[in-house]
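Visitor: Note that the protein sequences, when read in sequence, are chains U and V.
Take the position in the first sequence, starting the count at 1, then add 4; the result is the number in the working numbering.
Take the position in the second sequence, starting the count at 1, then add 4; the result is the number in the working numbering.
These are computed hints drawn from the structure, not numbers from a lab.
Heads up, a few of these hints could be off.
Identical copies look the same in the list; a pair holds intra-copy or inter-copy alike.
Stated by the list, open to error - Taking lysine-lysine pairs in the DSSO-like style, the calculated list, with each CA pair at most 27 Å apart, reads:
| # | residue 1 | residue 2 |
| --- | --- | --- |
| 1 | 260 | 117 |
| 2 | 340 | 100 |
| 3 | 9 | 248 |
| 4 | 204 | 165 |
| 5 | 181 | 165 |
| 6 | 51 | 165 |
| 7 | 248 | 47 |
| 8 | 248 | 325 |
| 9 | 100 | 330 |
| 10 | 100 | 204 |
| 11 | 248 | 340 |
| 12 | 325 | 7 |
| 13 | 51 | 248 |
| 14 | 164 | 138 |
| 15 | 340 | 260 |
| 16 | 325 | 138 |
Below, each chain spelled out in residue letters.
Number of protein chains: 2
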Amino acid sequence: MDKVKVAINGYGTIGKRVADAVSLQDDMEIIGVSKTRPNFEAKLASKRGFSLYVPEDRIPAFEEAELEVAGTIEDMCREADVVVDATPGGIGVQYKELYERSGCKAIWQGGEKHDVAGFSFNALSNYDGALGRKFVRVVSCNTTALCRLLYLLDKEYGVKKVRAVLMRRGADPGDSKSGPINAIIPNPITLPSHHGPDVKTVLPHINITTLAAKLSTTLMHMHTLNVELSSPPASDDVRDMLSKEPRIFLATSDLKSTAELVEFARDADRPRYDIWENIVWSDSITVEDGELYLFMAVHQEAIVIPENVDAIRAMFELSDKEGSMKKTNESMGIGKLG
Amino acid sequence: MDKVKVAINGYGTIGKRVADAVSLQDDMEIIGVSKTRPNFEAKLASKRGFSLYVPEDRIPAFEEAELEVAGTIEDMCREADVVVDATPGGIGVQYKELYERSGCKAIWQGGEKHDVAGFSFNALSNYDGALGRKFVRVVSCNTTALCRLLYLLDKEYGVKKVRAVLMRRGADPGDSKSGPINAIIPNPITLPSHHGPDVKTVLPHINITTLAAKLSTTLMHMHTLNVELSSPPASDDVRDMLSKEPRIFLATSDLKSTAELVEFARDADRPRYDIWENIVWSDSITVEDGELYLFMAVHQEAIVIPENVDAIRAMFELSDKEGSMKKTNESMGIGKLG
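My request is simple: use the sequences and hints to build the entire structure.
Guide: Written out as structure tokens, the structure is:
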């Protein structure tokens, strides 16, 4: 069978990572990526051998920057079997009509609303629901982390109620324009945050309330979880159960903070120090009075990348859930952080 | 009746604020403050007219800095009716023997363990328990904020269970040596944090679990609260009830973060921009499924100051709870932030 032809619309934080991850697979290939400005990331795309597609009126700017242009974004969509839309949140929906007209499938990211695709995806939680679909939305980083964890907890012990507090990074490491520099922002002040409802787009039966705050840090998000369980296990049972899932990494306590976690990933030679796994601090896992507590860190730039790869596989029915996740994990090195 | 003679051991972040607050009262006076180094705060004490007491071997250093020394710390304790110990956490306990030998009463801060005094104090929660006592410990900033809020909620609605997440400032604004600069530190990783047990030193019957993280910010702490109530009220009832307590301030949502709160306090001409009140975001108050949620900010440098003043009044039986809190509030301007 021919490889699935994948295009990336928006070669930024998520797009460039999905391009690299797809390139590692033997059943799909990148046929091009789009960029609107000839910046350092456009040069990276070119250097990595990805054909550059740009809006028609930007072609001169790219040529001036000595970047070869393969065609317009419309051209790219016509050639692709599937477009991974990694444009900024709220922009992706504007491309829906183009994707429909071009006859390609499309995957949006969590910055778009559920309705854009009508199906929100997390590989562990609902891979089968994406089989053969034309449009899929991969949920955001925080929702991805929550879905992975809650799916596993629910399957094993039954989840009665979840109270999660999300401490969010204020900006990505490569973003010098956003804040806060020195503040804690309850965000939103009115409850709940959108993350709880977003988890329900994937796992509709989970009773979850989330509160979130934006912080003066760039490295990772951190969650505190409180989960009421129907059949509460011992803390060690939870550790054992989670340790079997490659997309969850149990961290030892010498990894004291998000800073040590990132240093650990750099030492592990991860590309861009990407951490694709949920990081759960093993010593934080505590079951008390029927409720599980834990601390979990989430690398906002990286965690959704394997989900995009699996979504492609489901949409083209290239594999079942276990087969796809295993293939993605092995090709990328997921589960081999320690 | 003569004014109560108050000495401050440790004229730092807390000590200098307690000295100013005591100076505003008509039933107590500062007879001296201690300092171990002739730094800018020692000069401030001198400028504000507080007699400086120093360790015997440091007298030459202070004289070299042209700071007049009134005597040793031992001298200060002999002259005082009560010493407010505002030395760094863990150091205060080492002075207990001196206080006992000097025949003065003593108040420690929350950096010391409960056992140092055998009684942990929060004005709203247990003023009467401090009446006539020789030794009292004023609980830390976070515990003070939690006690004020939980005492009121428990009295009105009955508190069944509290799950609080504390996002702690990494360093005070005037501290250039501490971190983190860019990280989220679950602290401690093992649960619970000490804050829950510390609340129980004041309110022993409250069922509370706390998790805490240290953040890259200096301005304030922020808590997320989840409180199961025996008789759940409407959200507006909670607003009405809290708005009646001067030591709690309900913030509007244009005060978007700890940064805006501090700017607001600066505009209000608060000394050192001190915020003595718990800040509860009004719009965050949500009662759902029998559980109250809210966001609360805590100014770590300021919130315990009125409690120290009230503790002195209780220990010398100068007033009952309502009288003392009213006197402290009015002299300092507490409850007049908006």
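Visitor: Compare the structure with each hint and give your call.
Guide: Status of the hints after comparison with the structure:
Taking CA atoms no more than 27 Å apart as the test, residue 260 paired with residue 117 passes between copies only; the shortest distance there is 25 Å, against 35 Å inside one copy. Within a single copy, residue 340 and residue 100 get their C-alpha atoms no closer than 37 Å, and across copies no closer than 53 Å, so neither meets the 27 Å cut-off. With identical chains, the CA atoms of residue 9 and residue 248 are never at most 27 Å apart, being 33 Å at best within one copy and 65 Å at best between copies. Taking CA atoms no more than 27 Å apart as the test, residue 204 paired with residue 165 passes in both settings, with 12 Å inside one copy and 26 Å between copies.
In this homomeric assembly, residue 181 and residue 165 never come within 27 Å of each other (Cα to Cα): the closest approach is 38 Å inside a single copy and 41 Å across copies. For a Cα distance limit of 27 Å, the shortest separation of residue 51 from residue 165 qualifies neither inside one copy, at 49 Å, nor across copies, at 57 Å. For the identical chains of this complex, residue 248 and residue 47 are neighbours neither inside a copy (40 Å) nor across copies (61 Å), given an alpha-carbon limit of 27 Å. For the homomeric pair residue 248 and residue 325, the shortest alpha-carbon distance inside one copy (16 Å) is at most 27 Å, but the shortest distance between copies (57 Å) is not.
For the homomeric pair residue 100 and residue 330, neither the shortest alpha-carbon distance inside one copy (31 Å) nor that between copies (63 Å) is at most 27 Å. Proximity of residue 100 to residue 204 under the C-alpha cut-off of 27 Å is restricted to the intra-copy arrangement: shortest distance 23 Å within a copy versus 56 Å between copies. Taking the shortest Cα distances, residue 248 and residue 340 sit within 27 Å of each other inside one copy (12 Å), while across copies they are farther apart (56 Å). Taking identical chains as interchangeable, the C-alpha atoms of residue 325 and residue 7 lie at most 27 Å apart only when both belong to the same chain, with a minimum of 19 Å there against 77 Å between chains.
With identical chains, the CA atoms of residue 51 and residue 248 are never at most 27 Å apart, being 38 Å at best within one copy and 65 Å at best between copies. Taking the closest pair of Cα atoms, residue 164 and residue 138 never come within 27 Å of each other, the shortest separation being 33 Å inside a single copy and 49 Å across copies. For the homomeric pair residue 340 and residue 260, the shortest alpha-carbon distance inside one copy (20 Å) is at most 27 Å, but the shortest distance between copies (41 Å) is not. Taking the shortest alpha-carbon separations for residue 325 and residue 138, only the intra-copy value of 18 Å comes in at or below 27 Å, while the best inter-copy value is 68 Å.
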